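A.B. asks: Chain by chain, the residues run as shown.
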Amino acid sequence: MCLADAEYRRFQTLHDKRKELVDCIPRLRRFALALAGNQPDADDLVQSAVEKALRNLGGFQNGTRMDSWLFKITQNLWIDSRRSHKRRGGQTTLNDAMHIAGEDGRKLVEERAMIEHTRAAIASLPEEQRLAVAYVLVEGQSYKDAAHNLGVPVGTVMSRLSRARKALAAQVLG
Amino acid sequence: MIQITDEMLTAYLDGEASLEEKRAIETALVSDAGLRQTLDRYRALKATIDRSFAGVLTQPVPQRILEAASAPYASYAAPLPPRRPSKWLTPAAMAASLAVGALAGTLLVRGQSGDEGALIASAPIEKALSGQSADAAHGAVRVVATYRAGDDRVCREFEIADAAQASAGLACLAPNGRWSLAALEPRAPEGAYLPASGENKTSVVSVLTGEMRAMTAEEEAAFLVSMKEQR
Chain A
1 MCLADAEYRR FQTLHDKRKE LVDCIPRLRR FALALAGNQP DADDLVQSAV
51 EKALRNLGGF QNGTRMDSWL FKITQNLWID SRRSHKRRGG QTTLNDAMHI
101 AGEDGRKLVE ERAMIEHTRA AIASLPEEQR LAVAYVLVEG QSYKDAAHNL
151 GVPVGTVMSR LSRARKALAA QVLG
Chain B
1 MIQITDEMLT AYLDGEASLE EKRAIETALV SDAGLRQTLD RYRALKATID
51 RSFAGVLTQP VPQRILEAAS APYASYAAPL PPRRPSKWLT PAAMAASLAV
101 GALAGTLLVR GQSGDEGALI ASAPIEKALS GQSADAAHGA VRVVATYRAG
151 DDRVCREFEI ADAAQASAGL ACLAPNGRWS LAALEPRAPE GAYLPASGEN
201 KTSVVSVLTG EMRAMTAEEE AAFLVSMKEQ R
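As you go down the protein sequences, you meet chains A and B in turn. The opening residue of the first sequence carries number 1 in my numbering; numbering runs sequentially from there. The opening residue of the second sequence carries number 1 in my numbering; numbering runs sequentially from there.
In isolation and in its complexed conformation, chain B is listed as follows (with noise of 0.2 angstroms):
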């Protein structure tokens, strides 16, 4: 005969009891009393806890934790401090964190300030953009890639040849028509060492497409035409 302890009755109401455990409290149960109003006690309170946090499943979640996991791309590719939303990709930040010093100056255009500060693509780059023809003061932009976004927004992956630093970088196309730029990086030569530690060392364009996707050639050129119908 087994001796019932207390953690073997626990297992019991988890149904984690082996069988054998569970026969020698079943047949306890039968001629113990005091086992069985502990076990009584032990169910009323399940089911107390159960109906304590039930409502919770069903509450409107709030707004600033839906807003926490919908946070911008951008927001969450790069390693950041926690809940300062303030402090995230200001346009001062993320121009001095891409390393692309003067490029990045010329290339890029602030936002109005209900843009919230985000960085607006310069006349060059919106133009290549756009699809709109790439002479040769665009030469030097290049689009890589067109995306649909998870929240379908369309993305477009472009690079910047410069002699001095390649830029990579991808553009998504707000509501007001504007390209807001959702990262900008710079390219390594190809062939260059890369060290291959570090989170930081992660292209943020390739983590921000990665969950993006990538749109046929025919999709894109639907997507050119009806840009130019727009404008």
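For reference, chain A alone in the conformation it holds in the complex (with noise of 0.2 angstroms):
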């Protein structure tokens, strides 16, 4: 069970840790997605974390939440690789997923395209934007956890989500 609620658990080894952090998979798969932009690269960075994560186990604190702590390395994780090298192939930007939508478009239906577009427009906003949205909009964590693991005031957080909702809604909804 990955607990996303403030039920904070204690472990009594690190299998029981390790147990705890495989259930946290699919929620880290989801944030990866929206760091990332789609399915491939989310998962490369999924791997890493989960190798990193399992590496340094012993200093996972007992009382805090897997779930938090797993993000916080994913989130270091995808950052130091969009300094280190500039996205190979380029990142996905809006136009290069509309044109892929399009072609698919004809076989696939409109909820998929709509999907595509959604991420997207994620994957476009400024990387702070796109943290926030990844923390709060999708994984549902409170401004307090997100503005945490970023390192930065609860009402930074409050304005990039400001921003981000309206430059979203322009994108997706038109």
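Calculated from the structure, these hints are not laboratory results. Careful, some of the hints might be misleading.
Claimed, not checked - The calculated EDC-like cross-link candidates involving lysine to aspartate or glutamate, where the alpha carbons are at most 16 angstroms apart (straight line), are:
{"no.": "1", "chain 1": "A", "residue 1": "K19", "chain 2": "B", "residue 2": "D151"}
{"no.": "2", "chain 1": "A", "residue 1": "K52", "chain 2": "B", "residue 2": "E67"}
{"no.": "3", "chain 1": "A", "residue 1": "K19", "chain 2": "B", "residue 2": "E67"}
{"no.": "4", "chain 1": "A", "residue 1": "K52", "chain 2": "A", "residue 2": "D80"}
{"no.": "5", "chain 1": "A", "residue 1": "K144", "chain 2": "B", "residue 2": "E16"}
As the list claims (entries may be wrong) - Chain A is nowhere near these chain B residues, computed Cβ spacing over 10 angstroms in every case:
{"no.": "6", "residue": "L9"}
{"no.": "7", "residue": "T48"}
{"no.": "8", "residue": "E159"}
{"no.": "9", "residue": "M215"}
{"no.": "10", "residue": "E218"}
{"no.": "11", "residue": "E220"}
Just so you know, these numbers come straight off a predicted model, no measurement behind them. C-beta: ideal position from N, C-alpha, C; glycine also.
Using the hints, put the two standalone chains together into the complex.
C.D. replies: Printed below as a string of structure tokens:
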């Protein structure tokens, strides 16, 4: 069980921690997808994050949240990878995604295009807004938890979300 | 009357607005059609985002991620570069990092090619681990404790007394009935000064066994009986 609420658990052994970590993987994939914008890059990120988390499992503190801890590892890996190599093949831009959606659109239902379009719109946001969206709008984390992991005040998370909402509404809803 | 800002609206939608802000927004909504429209758009946006990311939660997790999450104990106990499984604990790298030198050479046997290069315990360790009589020839190997690992495998921690360099190790019983080594490391003599810094000074064996459940004396005895029966 990957706890999303405020119930903090205590683990007896590393094995218990690993079990919880595995249970968190689906949510980690969702979080990474919001950051990376496409599933293959998201899964690269998740794989690296899982490997890093396992190497540091002994350092995970009982009574803290496994999901937040994993998000933070993923967040840092994502930021590092963007700094070190400006994305192989370039990042997915909104135009690319619409082009893909246009080709697929003939055989796929509208829903699929809408999903691609929404993910691409998030992927086109500035890095800091994308992180705020991933934490709060996609993962449903509190402003406080997001602010803690991002190392910024709660008010900053709020203003980033406010700007992101405006941009996303324009792109997604027209 | 509070001025309704974009940020307040955002906080309201995310359930983060204060009571005062909430009241102000709800009062304004009654008379402000523009605000109602903005709020509706943001609600529609949130619903679209939810739908766009719901699918991934129920999709099967890719095999490569599951494999990363179930890496053998030794693979993540050692600080290793990410995503290069082929470089993880090759027998040569493991033996080299152990600093047990010639001792390791005589005690370890490389596994068959089908064993993915696993280190297999040599005959003296194998005999000690399997509970066969520890005569003088195997006297240097002493089993310390027996564990049940998370995946139900049985692992045994052992010590090798050696004049030059004592060692501690952990071996787990593979499905093929051989003991494969999860870790082997030099053990400092008792009372020796150990620098307290550096992660690589951590005992790999203790990290690994920390994740396992130690067997009681009865369980251990029953396990040894079952080992004997299989032979």
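A.B. asks: To test your reading of the hints: which numbers does this structure violate?
C.D. replies: 6, 7
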